[in-house]
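*Asks:* Chains as they are written, first to last, in my numbering: chain A, 1 to 201; chain B, 1 to 165; chain C, 1 to 356.
The set of hints was computed from the structure by calculation and includes no laboratory data.
C-beta atoms are modelled at their ideal positions from N, C-alpha and C, and glycine is treated no differently.
Among the hints, erroneous ones may be present.
A short, non-exhaustive set of chain B residues, derived as facing chain C with CB atoms under 7 Å [as the list claims (entries may be wrong)]:
1. I3
2. Y4
3. F33
4. L36
5. L59
6. M60
7. V63
8. I68
9. L70
10. L71
11. T127
12. G131
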Amino acid sequence: MKQYFKNTWEGLYTVFVGMIITFKHLFVPSVTIQYPSVKVPLPERVRNRLYVNMDDCIGCDQCARACPVNCITIETVKSLPEEDLGKTSNGKKKALWVTKFDIDIAKCCYCQLCVFPCPTECIYMTDVYEFAEFERNNLIFNFATLTADEAEEKIINYEKMMAEKEAQKAAAAKAKAEAAAKTKKEDNSTEKNNGKEKDSE
Amino acid sequence: MSIYDVIFYLFAILTIGSGYLVVTSKNIVHSAFYLLFTLFGVAGLYVLLAADFIAIVQLMVYVGGILILLLFGVMLTNKVTDVKIRTGTIHIIPAVIGTGLLMGVIVSMMLRTNWKSEPGELPFTTTYGLGRILLTDYVLVFELLAMLLLIALIGAASIARRDNE
Amino acid sequence: MYELLKDIFGNDIIAYIIGAALPLFVFILPFALFAVYLERKISAFMQDRLGPMRTGPYGLLQTIADILKLIQKEDITASETDKKFFNLAPYLVFAGSYAAFAAIPFSGMYIGSNVDVGIFFIVAISSLVVAGLLMAGWASNNKYSLLGAMRSAAQIISYEIPTVLIILTIVMVTGTLSLEKISQMQTAYFWNWMIFGGAGWGLTKFLLFPFMVVAFIIFYISSLAEVNRTPFDIPEAESELVAGYHTEYSGMKFAMFFLSEYANMFAVSAIAVTLFLGGYQSPFGYLGNTLGISWLIPIEQLFWFTSKGIFFVTIQMWLRWTLPRLRVDQLMAVCWKYLIPYAFVNLIIVGIITLL
Ligand code: SF4
Ligand code: SF4
Numbered sequence: 001m002k003q004y005f006k007n008t009w010e011g012l013y014t015v016f017v018g019m020i021i022t023f024k025h026l027f028v029p030s031v032t033i034q035y036p037s038v039k040v041p042l043p044e045r046v047r048n049r050l051y052v053n054m055d056d057c058i059g060c061d062q063c064a065r066a067c068p069v070n071c072i073t074i075e076t077v078k079s080l081p082e083e084d085l086g087k088t089s090n091g092k093k094k095a096l097w098v099t100k101f102d103i104d105i106a107k108c109c110y111c112q113l114c115v116f117p118c119p120t121e122c123i124y125m126t127d128v129y130e131f132a133e134f135e136r137n138n139l140i141f142n143f144a145t146l147t148a149d150e151a152e153e154k155i156i157n158y159e160k161m162m163a164e165k166e167a168q169k170a171a172a173a174k175a176k177a178e179a180a181a182k183t184k185k186e187d188n189s190t191e192k193n194n195g196k197e198k199d200s201e
Numbered sequence: 001m002s003i004y005d006v007i008f009y010l011f012a013i014l015t016i017g018s019g020y021l022v023v024t025s026k027n028i029v030h031s032a033f034y035l036l037f038t039l040f041g042v043a044g045l046y047v048l049l050a051a052d053f054i055a056i057v058q059l060m061v062y063v064g065g066i067l068i069l070l071l072f073g074v075m076l077t078n079k080v081t082d083v084k085i086r087t088g089t090i091h092i093i094p095a096v097i098g099t100g101l102l103m104g105v106i107v108s109m110m111l112r113t114n115w116k117s118e119p120g121e122l123p124f125t126t127t128y129g130l131g132r133i134l135l136t137d138y139v140l141v142f143e144l145l146a147m148l149l150l151i152a153l154i155g156a157a158s159i160a161r162r163d164n165e
Numbered sequence: 001m002y003e004l005l006k007d008i009f010g011n012d013i014i015a016y017i018i019g020a021a022l023p024l025f026v027f028i029l030p031f032a033l034f035a036v037y038l039e040r041k042i043s044a045f046m047q048d049r050l051g052p053m054r055t056g057p058y059g060l061l062q063t064i065a066d067i068l069k070l071i072q073k074e075d076i077t078a079s080e081t082d083k084k085f086f087n088l089a090p091y092l093v094f095a096g097s098y099a100a101f102a103a104i105p106f107s108g109m110y111i112g113s114n115v116d117v118g119i120f121f122i123v124a125i126s127s128l129v130v131a132g133l134l135m136a137g138w139a140s141n142n143k144y145s146l147l148g149a150m151r152s153a154a155q156i157i158s159y160e161i162p163t164v165l166i167i168l169t170i171v172m173v174t175g176t177l178s179l180e181k182i183s184q185m186q187t188a189y190f191w192n193w194m195i196f197g198g199a200g201w202g203l204t205k206f207l208l209f210p211f212m213v214v215a216f217i218i219f220y221i222s223s224l225a226e227v228n229r230t231p232f233d234i235p236e237a238e239s240e241l242v243a244g245y246h247t248e249y250s251g252m253k254f255a256m257f258f259l260s261e262y263a264n265m266f267a268v269s270a271i272a273v274t275l276f277l278g279g280y281q282s283p284f285g286y287l288g289n290t291l292g293i294s295w296l297i298p299i300e301q302l303f304w305f306t307s308k309g310i311f312f313v314t315i316q317m318w319l320r321w322t323l324p325r326l327r328v329d330q331l332m333a334v335c336w337k338y339l340i341p342y343a344f345v346n347l348i349i350v351g352i353i354t355l356l
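The whole structure should be built from the sequences, with the hints applied where relevant.
*Replies:* Laid out in C-alpha cells, this is it:
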C-alpha cells in the first residue's frame, strides 16, 4: 500500500520534473545554423571540389594515374618544337598541349591522392561544396583551357609534324640510301623541307 | 417537408439499408461494420422521438461497447474472418412459416396497442424523469441488474486470471 | 445563433447546415493549421532547434504549404485493401470527432446543440471514432494498421472508464449533464470554477477543492490517452508500428485523420476547461459588463474559451515532448491500477461531501 502511494507520487513528481526541464529548454537559444544564409566556417584542410590551375599544368598525367577511381581523364598533344608554351610558376617548362582535362566529380571520393603527385602543385582542393546538379553529366568538369577547335588544330599540327617527321625520316632514310651515290643533293632537300614547315605555321 | 422529416427519412434509410447489408454480406467483418450504421441509425431515430437519453445510451452501449467487442472478437479469431457465410435461402418453407408467425404477432400487437396519437407536449429532456423513475419505482430491478453486471465482471476477471497462472 | 442565421438566410435547412459547418471552417481548420505550427515550434524550442523557418516569416506559412501538398498528393488505395471501408473510415473518424464539437459551448451565444445530455453525448459519440479506427485498421489489410487499431481501441475503451468516472463526479456536484449549465454555474470570477470547488462560499467548497484538483489531474491524463497523444501514443508508435492505423493512408484521407487528431486534442481540452475551469467564463469579470456593451460579452467569452482550450492543448504538446512513450502493459497498469481506483475513491468522497 505504501509502495502504491509512493509510485503514484513518483509518477506525478517525475513528470513534473521532466516538464520543468523541457520548459527551461524553451528559452535556451537554439543551436540551429540556418544553412544557406549562415554557413559554418570550414576547417583549413577541407577536401571538397577539385580545381586545376591549367596555367601550371604540364600534362604529366600523374594525377590521373594516382586516382583510385579513375575519374580524371587527360589527353595531351606534344607541342611543336618552335611553340613556346611558357613556364609553370615553379619554373618547369611546359611541353605538352593539354587538349582534355576532365574530372568526373560524381565519381570522385575526395581522397586527395591526386593532389600529392602533381609536380607543379596545380591540382588542389577548394572549399566549394555546393555544386549539386540535376544531370550527372553536369558533374564532369572540363578544365582544359583550349577550345575544341584549338585542340583539334593542335592535334592536326602534331599529326602533320609527325607526318612530316615521318616523311623526313623516310626522306632521310632514302637520302642515306642515296648518300652513297650523291651527298650534295641531300643537303639541299633538307633546307627546302625546313622552309616549307615554317610557311605552314 | 420539414427538416424533421428529411432527417427522419435519412435515418430510416440508413437503418434499414445497413440492416439489410448486415444480413446479406458474405464477410463477417463487413456485417459487423454495417451493424455500426444500423445501431447509429436507431440512435438517430430515438433522438427524433425526443428520447435523447436513450439515444445516447444506445450509442454508448451498442456502438461503443458491444459493437467494438464484437469487432475485437471477430478480428482476433482470424479463422472467423475467412469463413464465407452462406447467405442464400436454405429452408424456404420453415423460414416462411417462422417469419409469417413473427409478422403476425407484430402486426396484431400493433393493431391492439392503444396508440396515443394526440400531439402531447414533448419533454425537452428525459434525463431527470428517467433518473427519478429508475431510483424509485424500478429501484429493485435496477439494483438487481447492477448486481448481475458486477457478478459478470468479477467472473470475467477471475476467468482471465486463471488462464494466466 | 440559429435565429440569427435563419433571419439572414430565411430558411431553416440552410441555417442549420451553415450552423453545423461553422465550427469546421471558422474554428477547426484554422486551429489545426495553427496547432500544427505551434507543435512544431514548441518541439523545436524544447530541443534547442528553430523549427520551420523558411516558409514565410518564421515559417508561419509552413502548415498551409503542408496542407496544399496533402491536397495535391495522389490518393493511393493499395490493391489488397477493402476499398469501401478503407475509403469510409477516415470520414467516420472525422465525423466522430467533429460531432463532439456540436455540444461544446464556445460562448454563451454559440453552442451547436444545447442538448441536456451534452457531456454524455460527447462521451458516447467518441465511440464512433473507435469504430472508425478499427475500420481503418482492418480495411488497410496491413498488420501494423490492424495492430495499431486494436491497441487504439483497447486504449480508448479502457481510458473511457476513468474519464467517465470523473465526469460523474462533476455531474454529481453540479446536478446536470448539460455543458451549458455547467458553464453558467461557474460564472464571472475564477474562484467559482469547479476546480476551486464551484460557486458559493460554503464549507463544501473548501472540502471539495483538493478532490477537484485530483479529479482534474486524472481527467487530464485519461483524456490525453483518449486522443492517443504521447505518452499514450502506442497506437501509432512510429518505432514499432510505422504509423498505426493510418499507415496505408495518403493525401486527403490522411489529412482527415490528422485533422481529427487535432480536433480531438482541442475537444478534450475544451471539455476539461468546461468541466473544471469555468468553460467560456472569464476569470476576472467581463469588460462588456463594466462598459455596458452587451454584444462584447459573447466575443469575450469566445476569447476566453479558445485561449483556455489552446492553453491546455499547449500543455498536451509540452507533455508530448517531455515524456517517452509508455509500454502497453504500463499503459494498462496506469489506467486500471492507478487512475480507476483513484477516480473511484474520489467519486465516493465527493459524493459524501455533496451530501453534507
Ligand atoms: S580526390 Fe581522389 S578520387 Fe578525387 S580525383 Fe583526386 S585522386 Fe581521384
Ligand atoms: S599531376 Fe599536375 S601537372 Fe600533372 S597532369 Fe595532373 S594536374 Fe597537370
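*Asks:* Indicate, hint by hint, whether the structure satisfies it.
*Replies:* For each hint, the structure was consulted:
Proximity of I3 of chain B to chain C holds as hinted, the smallest CB-CB distance being about 5 Å (cut-off 7 Å). For Y4 of chain B, the interface hint is violated, since its Cβ never comes within 7 Å of a Cβ in chain C; the closest pair sits about 10 Å apart. With 7 Å as the threshold, the beta carbon of F33 of chain B comes within range of chain C, its nearest partner Cβ sitting at about 6 Å, so the hint holds. Restraint check, L36 of chain B versus chain C: the minimum CB separation of about 5 Å is within 7 Å; hint holds.
Below 7 Å, beta-carbon pairs count as interface contacts, and L59 of chain B has one with chain C at about 4 Å; its hint therefore holds. For M60 of chain B, the interface hint holds, since its Cβ comes within 7 Å of a Cβ in chain C; the closest pair sits about 4 Å apart. Interface hint at V63 of chain B: satisfied, since its Cβ lies 5 Å from the closest Cβ of chain C, which is below the 7 Å cut-off. Look at I68 of chain B: its Cβ gets to within about 6 Å of chain C, closer than 7 Å, so that hint holds up.
Proximity of L70 of chain B to chain C is violated relative to the hint, the smallest CB-CB distance being about 10 Å (cut-off 7 Å). A hinted interface residue such as L71 of chain B counts as satisfied when its beta carbon comes closer than 7 Å to some beta carbon of chain C; here the least separation is about 5 Å, so the hint holds. A least Cβ separation of about 6 Å between T127 of chain B and chain C falls short of the 7 Å threshold, and the interface hint therefore holds. At its closest, the beta carbon of G131 of chain B sits 10 Å from a beta carbon of chain C; the interface hint therefore is violated under the 7 Å criterion.
Comparing the model with each earlier hint shows violations of hints 2, 9 and 12; every other hint is respected.
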